[in-house]
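A.B. asks: Let's have the full structure, built from the sequences with the hints guiding it.
Listed here are the chains, written in short residue letters.
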Amino acid sequence: MSIWKYLFNIEERRNWWLRKMPDCPLRDYYEVPFPMLDTDWRQVDYLALDFETTGLDEEKDEILSLGYTTIRGHTLNLGDATHILAKPSGALPEASVIVHGIMDDQAASAQSLEEALPDLLYSLAGKAMLAHHAAIEYHFLSNACKRVYGYPFVGPVVDTLALEVRVFRNSNRSIRSGDLRLAAARDRYNLPRYPAHNALTDALAAGELFLAQVAHRRSKRSPTLRDVTVVS
Amino acid sequence: MEIELLEIRDFLAVHHPFDQLSDPFLTMLPEKLEIRYFRRNTSIPDSGSVNNYLYIVRSGAVELLGKENELLARLSEGDVFGYRASHRETQEKQRRGTAIEDTLVYQLSASDVDHLCDKNPQFAYFFGPAGSDLLKDVMTSSGQDPKTQVSLMTTPIKDLINRQPITISPSSTIRETALKMSEERVSSILVCAEGQLAGIVTDRDLRNRVVAEGLDYDIPITEIMTFNPTTVDESDFAFEAQLKMARKNVHHLPVVRGDKIMGMLTVTDITKHDTTSAVYLVNDIYKMDTVEQMQRISAKVPQLLQSLASADATANSAGHVITAITDAITNRLLQLAEEKLGPPPVAYAWLAAGSQARNEQTAKSDQDNCLLIDDSYDPSTHGQYFQDMSRLVCDGLDACGYIYCPGEMMATTDKWRQPLQTWKHYFNRWIDQPEPMALMLTCVFFDLRCVHGNINLFRELREYVLRKTRGNRIFLAHMVGNALTHQPPLGFFRNFVLIKGGEHDQTFDLKHTGIIPIVDLARVYALAAGSEAVNTQDRLAEVAEGGEVTADSARDLSDALEFICFLRIEHQARQIRNDQQPDNFMSPDDLSHFERNHLKDAFSVVRTMQNVLSQRYTR
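So the sequence lines, in the order shown, correspond to chains A and B.
By the count of this note's numbering, the first sequence reaches residue 1207 at its end, each step adding exactly one.
By the count of this note's numbering, the second sequence reaches residue 729 at its end, each step adding exactly one.
The set of hints was computed from the structure by calculation and includes no laboratory data.
Any given hint could be a false lead.
Said to hold, decoys possible - Partial chain A-side listing against chain B, Cβ under 7 Å, derived:
| no. | residue |
| --- | --- |
| 1 | Leu1051 |
| 2 | Asn1052 |
| 3 | Ala1056 |
| 4 | Ile1150 |
| 5 | Asn1165 |
| 6 | Leu1166 |
| 7 | Thr1176 |
Said to hold, decoys possible - Just the calculated beta-carbon pair ranges, DEER-fashion:
| no. | chain 1 | residue 1 | chain 2 | residue 2 | range |
| --- | --- | --- | --- | --- | --- |
| 8 | B | Ala220 | A | Arg1141 | 33 to 43 Å |
| 9 | B | Arg706 | A | Glu1006 | 52 to 62 Å |
| 10 | A | Glu1006 | B | Asp228 | 40 to 50 Å |
| 11 | B | Ala220 | A | Arg1151 | 25 to 35 Å |
Each residue gets a CB set at the ideal place from its N, CA and C atoms; glycine is no exception.
C.D. replies: Below, the structure written as structure tokens:
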């Protein structure tokens, strides 16, 4: 169907990259086995993740900030919550400054992506990545890995937006414009409103949305990781 | 690395008890939290004990159910439950929450709560072991106006004295001195020779040194006066005078400027400054000869209440002060009535009932009273006298703002103006054949206090009644039934008052949902124990360990009552300040988170004690 088809059998791909790759943080990441797809969802650890970027083109645009936190056993742990400002290579386009509220001088005091990636990859090891509209985060991360380490990023991905699409399809409701936005989706689950566009807040928001989505699944059987990942 | 959990920090910062945390702790708190989502109709927690965590409702709503599935509380955004959040340990160990809406909660581990409590005493108050201590602390810590203390420190004595010094020459006799003191209505007098202060004589001196010693009243005053008394300078601060009085154990200090005598400062001047003019108002009332004059004084009651509130008076003492005004007006009206109608043909006792009897009035209340007459009363010859007297007094009270009792529980009602024999007969019927409706109306007569007249009449009636009520289970069961008619709300839910059964209300009635239930409980305890106390706090103190209630529970109730009354006084003082009629209806919006939590606690104390009584008597 899309990029997600390509991710079929990610465990194979992990082994493939592991054989080829020299010692680096990305290799360390691949050293840890992915969670098994037929594991009960509560046994899996997730990293709720969000990037703020200068735009939506993963080839040209850059990551401005990263926010992530862990979900373990249907509990979101704020103790692991991390927010990193990433140093862009060029000046910030004005539009993204307005959207994200990240100023040039703030960004200048930030870490370079090379410095930030190892922490993120360490946190992701053994976990499933979780984001709202995860393709963005996935592609930006993979591109960053290619640029810094020369190899792409692969891993199991939970996309709360894709899960929300399923909810609409299962109940035969048509999706109107705006229905799938993070804030709109959270509203339907009676989740509080957060001011958007801070990477960590959005990561939390996606994490909470995920907890709500799983709690609202209709089937009696507890879902497995396969049921909630975007491999279709 | 920067942790950007501001959103969560800001949420906590505006919710009690987290608003009590100092900044560094507040900033560190979010990273200690875990977030859980509970679908509607699932229980919180889904496994383990509710005491493993403190739960903070972030969005949605949660109901707490008790052992027998009775609704204990309904919580919404910002409310907490779980570990240590309930102060009434034993009762609520069984508590488990149920999400009644899709709910997001923050949970904080028990050890983190303990750690925060250790480091933040203000925060720890909330998690105190007993509701009662907590309530006490609220009242001592809730930012009360330190104005009175400050003003005693900063007010010069010359602002407190308001009349020329009353003096007498050293050549006067004891009798002349006493006469002058009595004419001038003073409790002390200065003995002066050629403008120089020679000594001081007080009421106490006349008692101790003259009457008790059997001295001749015609010897010179210099024989018994205190030479060279301690003085204060008029520019000294009131506070220093107060200290001097305490140290020297005197109640009167001559005020001087240099060598010149300026006046007399009494302990009353200072107290009066403390609690405004309660004492003065009472004194003034006794000097009034018409109802119109008394009206002017009773019009000051709201101001009095306001200054009591800002002077940090306890609700119980404020009740005594305000009631003292009512008593004085009643007394004076009776004196005037006796002057007008002549001396009473037979002995009588004017009895206050209800809140006046209990010394629990606030800004203006209804009048509840009755007349107890000696058994030699003959309606045909004496009836008119007492009818006229009651009319004068009740009309006078009404004119002074103590409006006629809507239930006609007044001495003007023929039924409530009767000889002792008839009153005994009334009580016989109420106690021996209790009927719920009748009891509801007459329970006001189980709080009686003699304000004026022959106290022995009253004593006889009181003894008679208490002998009949003491341990009388059938009667008490009816009183308990009556005491349970007013139930405190369960708490607050969003901006609504949660009435039992889950109904909402916009405002709540502090009197009927908070104060009356405690008053009713204390009355049952007192009647069961045969206690003579009438004031609710006195009753609770007396009956502790008396069987109906444990010392701890009595203390809990007493603190709950004080807290609710304290809120009522603050509420009424606020209304008076805003030129509104004081009332008992409070909107939950007027309460801080802090007060809401503690009020919820006070309510839970009352509900617990109501349950105890109801189980003992109605099963």
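A.B. asks: If you check each hint against the structure, which ones fail?
C.D. replies: 4 and 11
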